[in-house]
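Enquirer: Following the hints, complete the assembly by docking chain B onto the known chain A.
There are 2 protein chains.
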Amino acid sequence: MTKQSIGPRTLLYPHPDLIIGTYGSDGRPDVMAAAWGGICSSRPPAVAVSIQKVRQTYENLMREREFTISIPSVDYVREADYFGIVSGRDTDKFAATGLTPVKSDLVNAPYVGEFPVVLECRLLQTVEIGMHTQFIGEILDVKVDESVLGEDGKPDIEKVRPFAYDSMRQEYYGSGSVLAKAFSVGKELKK
Amino acid sequence: MTKQSIGPRTLLYPHPDLIIGTYGSDGRPDVMAAAWGGICSSRPPAVAVSIQKVRQTYENLMREREFTISIPSVDYVREADYFGIVSGRDTDKFAATGLTPVKSDLVNAPYVGEFPVVLECRLLQTVEIGMHTQFIGEILDVKVDESVLGEDGKPDIEKVRPFAYDSMRQEYYGSGSVLAKAFSVGKELKK
Numbered sequence: 001m002t003k004q005s006i007g008p009r010t011l012l013y014p015h016p017d018l019i020i021g022t023y024g025s026d027g028r029p030d031v032m033a034a035a036w037g038g039i040c041s042s043r044p045p046a047v048a049v050s051i052q053k054v055r056q057t058y059e060n061l062m063r064e065r066e067f068t069i070s071i072p073s074v075d076y077v078r079e080a081d082y083f084g085i086v087s088g089r090d091t092d093k094f095a096a097t098g099l100t101p102v103k104s105d106l107v108n109a110p111y112v113g114e115f116p117v118v119l120e121c122r123l124l125q126t127v128e129i130g131m132h133t134q135f136i137g138e139i140l141d142v143k144v145d146e147s148v149l150g151e152d153g154k155p156d157i158e159k160v161r162p163f164a165y166d167s168m169r170q171e172y173y174g175s176g177s178v179l180a181k182a183f184s185v186g187k188e189l190k191k
Numbered sequence: 192m193t194k195q196s197i198g199p200r201t202l203l204y205p206h207p208d209l210i211i212g213t214y215g216s217d218g219r220p221d222v223m224a225a226a227w228g229g230i231c232s233s234r235p236p237a238v239a240v241s242i243q244k245v246r247q248t249y250e251n252l253m254r255e256r257e258f259t260i261s262i263p264s265v266d267y268v269r270e271a272d273y274f275g276i277v278s279g280r281d282t283d284k285f286a287a288t289g290l291t292p293v294k295s296d297l298v299n300a301p302y303v304g305e306f307p308v309v310l311e312c313r314l315l316q317t318v319e320i321g322m323h324t325q326f327i328g329e330i331l332d333v334k335v336d337e338s339v340l341g342e343d344g345k346p347d348i349e350k351v352r353p354f355a356y357d358s359m360r361q362e363y364y365g366s367g368s369v370l371a372k373a374f375s376v377g378k379e380l381k382k
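Listed in order, the protein sequences are those of chains A and B. This note's numbering applies: residue 1 is where the first sequence begins, and numbers increase by one. This note's numbering applies: residue 192 is where the second sequence begins, and numbers increase by one.
Chain A on its own, in the form it takes in the complex:
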């Protein structure tokens, strides 16, 4: 159990790979990849994602105040990575990848049609934290591909096949198998 200091790093396991969808002022759909984020409230259901001011998405979010989060499956790791490499200022990322921008029913923002899970969000507030602005969005609805639903009507992770981001090695890694039921396996330790 000897521990070694590796300094103040933005380390956590796992980081998600969130694809943030917004419209530009010219109506062009844009997407970016963000790993600094997570759910931040149950009621209202809300998600937080941190974005730097230099990003096109920052401008779009501040203007439109609505966004989507598309969650890619492992089949789209290359496209998701691309979304984090190039800027929407000078590139049409949908055209370059051949993926389909779909306008959300509920908010004025596009999502990635091919990705299995989509959150439709409306901005509740922003929080300034150092070089990032945290956007907190209420989740108005979640839409999932019918093909990833299990027999219980819930998304089945073995069909969604999401991946995670390792910030130390700068790699993406897949999901493993189910280990245990939550709020259940720990009961064995109750006296």
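Calculated directly from the structure, the hints in this document are not laboratory data. Heads up, some of the hints might be wrong.
Straight-line C-alpha distance at most 27 Å; calculated DSS-like pairs for lysine-lysine [said to hold, decoys possible]:
1) B:Lys-372 x A:Lys-159
2) A:Lys-103 x A:Lys-53
3) A:Lys-53 x B:Lys-194
4) B:Lys-294 x A:Lys-190
5) A:Lys-3 x B:Lys-294
6) B:Lys-294 x A:Lys-53
7) A:Lys-154 x A:Lys-187
Here are some, though not all, of the chain A residues that point toward chain B, as calculated from beta-carbon distances under 10 Å [to be verified]:
8) Gln-56
9) Asn-108
10) Leu-119
11) Val-142
12) Asp-166
13) Ala-180
Listed next, the stretches of chain B that the computed footprint assigns to chain A, with coverage defined by at least 3 CB atoms under 8 Å from CB atoms of chain A [as the list claims (entries may be wrong)]:
14) 197-211
15) 263-270
16) 303-316
17) 328-340
18) 348-355
19) 363-374
From a predicted model like this one, the values you see are computed outputs, not experimental measurements. The C-beta atom is built at its ideal place from N, Cα and C for all residues, glycine as well.
Expert: Positioned in the frame of chain A, the structure of chain B alone reads:
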């Protein structure tokens, strides 16, 4: 690509399982499990975690303004689940699980000695979001077990063996294999 609405849910893949360590007013070490969180800033390196006011950890955090985040390996899924089931008000969670509370060098908070990765955090600010309070902490240091370091001196995910939480099925699932290098595999799509 037909999508089905499943309503406004706190869904994301993957959710982390963060074990928040604090001291009680009597100096007793306490831990709780939190899945609503993630990194929120690069400079300063900062992490956000949302906690309800009813929790013992909320009280401890408001008073001490310092905390740790321990990240469990798959070997401790049972203990991590237990930390989310019982309350520190009436239970000594370390005694019940036999795990070791270790006082952080840098902050006045305990971490779980047996867990491979630990973040030492000082509160920067709190944000009220519905029924949760989001605690944003600066990451002052990260400490990792020497046994999980790879030859490059970085934590090796195949040695850390973290797991994730599936909020739809309320299950924990493990990590899969490395898929691709980030900021690299997407370059293939650059024109």
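Enquirer: Take the hints in turn and mark each one as holding or not.
Expert: Here is how each hint holds up against the structure:
no., hint, result
1, B:Lys-372 x A:Lys-159, "23 Å, holds"
2, A:Lys-103 x A:Lys-53, "24 Å, holds"
3, A:Lys-53 x B:Lys-194, "32 Å, violated"
4, B:Lys-294 x A:Lys-190, "25 Å, holds"
5, A:Lys-3 x B:Lys-294, "12 Å, holds"
6, B:Lys-294 x A:Lys-53, "37 Å, violated"
7, A:Lys-154 x A:Lys-187, "25 Å, holds"
8, Gln-56, "17 Å, violated"
9, Asn-108, "17 Å, violated"
10, Leu-119, "7 Å, holds"
11, Val-142, "5 Å, holds"
12, Asp-166, "5 Å, holds"
13, Ala-180, "5 Å, holds"
14, 197-211, "holds (count 12)"
15, 263-270, "holds (count 4)"
16, 303-316, "holds (count 7)"
17, 328-340, "holds (count 10)"
18, 348-355, "holds (count 5)"
19, 363-374, "holds (count 12)"
Hint compliance for this structure: hints 3, 6, 8 and 9 are not met, and every other hint is.
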